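Same order as they appear, the protein sequences are chains A and B.
Residue numbers for the first sequence follow my numbering, beginning at 1 and rising by one.
Residue numbers for the second sequence follow my numbering, beginning at 1001 and rising by one.
Be aware that one or more of the hints could be misleading.
In silico DSSO-like cross-links for lysine-lysine, where the CA-CA straight-line distance does not exceed 27 Å [as the list claims (entries may be wrong)]:
1. A/K163 <-> A/K57
2. A/K319 <-> B/K1066
3. B/K1154 <-> B/K1030
4. B/K1106 <-> A/K314
Honestly, the hints are just simulated from the structure, not real lab data.
These numbers come from a predicted model, not from an experiment.
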Amino acid sequence: MMNLEDFLDNYSNLGFNPYIVLNDNEPLLMESEDDSLEVLSIENPLVKEYLESSKLKLQDNEWKEYTGYFIKCAKNSFGNVQTCFLTSQKGLEQRVQNVIVVEEGGHLDLFTGCLSSGHVKENVHRAITDIFIGKNAKLTFNMIHSWGKTSKVYPKVGVHVQKGGTYISNYIVWEEVKEIISNPVIELSDGARAITQSLSYIHPNSNIDLGGDIKLLGKASVGEIHSSAVNGGGSFVATTSIEGIGDGSKGHIDCNALLLDDRATVTAIPKLYSKNSNTQLTHEAFLGRVSNEEIEYLQTKGFNYDDAEEIIVKGFANKAIESMPERVREKMESILEKAKLGF
Amino acid sequence: MFQVKNLHVTVEKQKILKDLTQDFSVPAGKFFVLFGPNGCGKSTLFRASMGFSKYKVKGEILLDGKKINGLDIDKRVKEGLVYMYQTPPILKGVKFENIVKESIGKEKFWQEHSKDVDILDARKFLQRDINVGFSGGEVKRSELLSISMLPDIKVFLFDEPDSGIDLDNLKNIGEYMTALLKKRKAMGIIVTHSGDILKYIDAYKGAVMYRGEIGCVGDPLELLDCIKKKGYSECVSCKGKQI
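Just need the whole structure built from these sequences, with the hints factored in.
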C-alpha cells in the first residue's frame, strides 16, 4: 500500500480546487461558499436548513459521531471537486455522511480517493451518501480506492436523478483491500440516464461485492451497469439489477471477469425486471480465464507466457476504462504502467 | 534449415499429419511454397511447428538441425522460427503500440521500423485494438509488421498471406515479404491457395500436401499450373512424374 504523498500524487491529485480531505471522524474544516459551488461540513446548520427547504430526504443515519461533506453545485453552474477519505488510527470505524446536490442544469465532476495510512490495520469505512441530480443536470462521480489490505469498506449510496439529468459513476478498486460491499440504488425520472462502470482487481483473500440497482421510473429513462473484474484469487460478486418501469425505458447490464488464479471466485447475478411491455432490458456476461489463443498469439510475437498474460490483462483493464473521463484514464494507465500484477 | 522427420500431429484426438518427413530448406531470401486443398494439414504443420498447445506432436521438428519440439512458443521464436497468422485472434484493449512498448520500445521501433510502417501503411492501425475491426489487408500488414520486429529470425512461416486481400495489398505484401527475407537473410515457407502472390516472391521450390502427406515436390510455378489443370488429387498421384 502506498503512503499519503504517493497516493495524492498518483491516484487522487488532479489539481481540482477545492480539494477536501476528511480524516477519521473529524469534521471537515475547509468550507467554501462560492456562488456556484458550496462545500460545507455535513454538520453545518446551513445543510439542514437547505435540505428542509428543498424537501430532500436522506437515508437514515443513526450514528452519533460521524464526519462528512455537503457539496452543492448551483443551478446552471459547473464545478470540479476532489475529495479524499483518510483513516489514520488502527481499528477505527470511520463513519461518513455525504450529500451531493447538483441543481437544475448544473454540471459537477467529483473525483474521490480513499486511503488509510500505511500503519493502520483493521479500519472500517462506512459511508451514507445521498446524491440529488436536478433537471437536466449532470454528475460524474469518479472513485479510485486505495484502502489498506485489512480495510473493510461499506458505502451506501442513493441517487435520485430528475428529468433529463445524468449520473455517471466510474469506480476503480485496484489496490488490495479486505472487503468492499457497495450496491448503490439509483432512481431515474423521465429522460434521465445513469451509467455505472466499475473496474476491480481482486487480490487473494479479498472480497469485493460491487453491484447496484437502477430503477427506470421515468419515461425513456436509460440505465447501464458495466462491471469488469480481474480476479487474482479472491471473491468477486456483482449483484446488479435494473427495473424497467417507465414507458420506453432501456437498461443494460454486463459483467466481464478474468480469473487468474484457481482460488478466484466470481458470482454475477444480473436481475432484470420489467413491468412495462415497452421497455428494453438486456444483459451479457463473460467469466473465465485469459484466452489461451490470445496468450499463444502474443507468444508468437516473442513474449513469454507471463508477460503475454499481463499484456492481455492490462488490455482488459484499458478496455474497461475506455469510456471513462480522460483524467481517470490517465491515472489508471499510470497505475497499470507501474503495476506488476503478481500473477 | 527447416525440416520435419516422421512427424505425427494430432488435434483433439484427430490425426492430421501422419509420419511426415520433408526438408523445406531453401536458400536465404527464397520461398518454399506449400500447396494443398483445405484441411490437408498445411496450417497444422505450421502451428504444430510453432508449438501451439492444441497440437500434439510426435517426431522431430528441426531448425538448423536442432530439435525444437517441446520448447515454448516464445522460445521457438527466439530460436529463429516465426509464424504469420492467416486469421489471428482479436485482442480487445491491446494496441499495437502496447506490443511495441513491451517489446523493443517505442524509440527503437521508430528508429528501426518507421520505413516498415510507411511501406505497410500501418499508422492507421497502430493505435487501434489489435485486429479488432481490421480489414483483410490490415490484418496481413499488421502481422507482417509485428513479425518484422523480431530479431534473429531464420525461418518465416507465412500462412496464406494472400487470402482475403485486394490486388494492391497483394503486391504490397508480396514485395514486403520478399524484401524482409532478403534483409534478414532468412528463408520463408508460404502456404497459398490461389498462387497469386507467387509473382511477387522468389518462389524457389514447392510441394503439394494432400491428406497429411507430401505428394509432389518441384518447381512451384509448374506445380501450380498442374494443380490448376488437373486438381490436387491428380497432382499427388502423379508424384511429380509429369513435372
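For each hint, the structure was consulted:
A hinted pair counts as satisfied when its Cα atoms are at most 27 Å apart, and A/K163 with A/K57 qualifies at roughly 18 Å. Between A/K319 and B/K1066 the alpha-carbon distance is near 41 Å, which puts this suggested pair outside the 27 Å criterion. At most 27 Å may separate the alpha-carbon atoms for a hinted pair to count; B/K1154 and B/K1030 meet this at roughly 12 Å. Of the supplied pair hints, the one linking B/K1106 and A/K314 holds, its CA atoms being roughly 18 Å apart against a limit of 27 Å.
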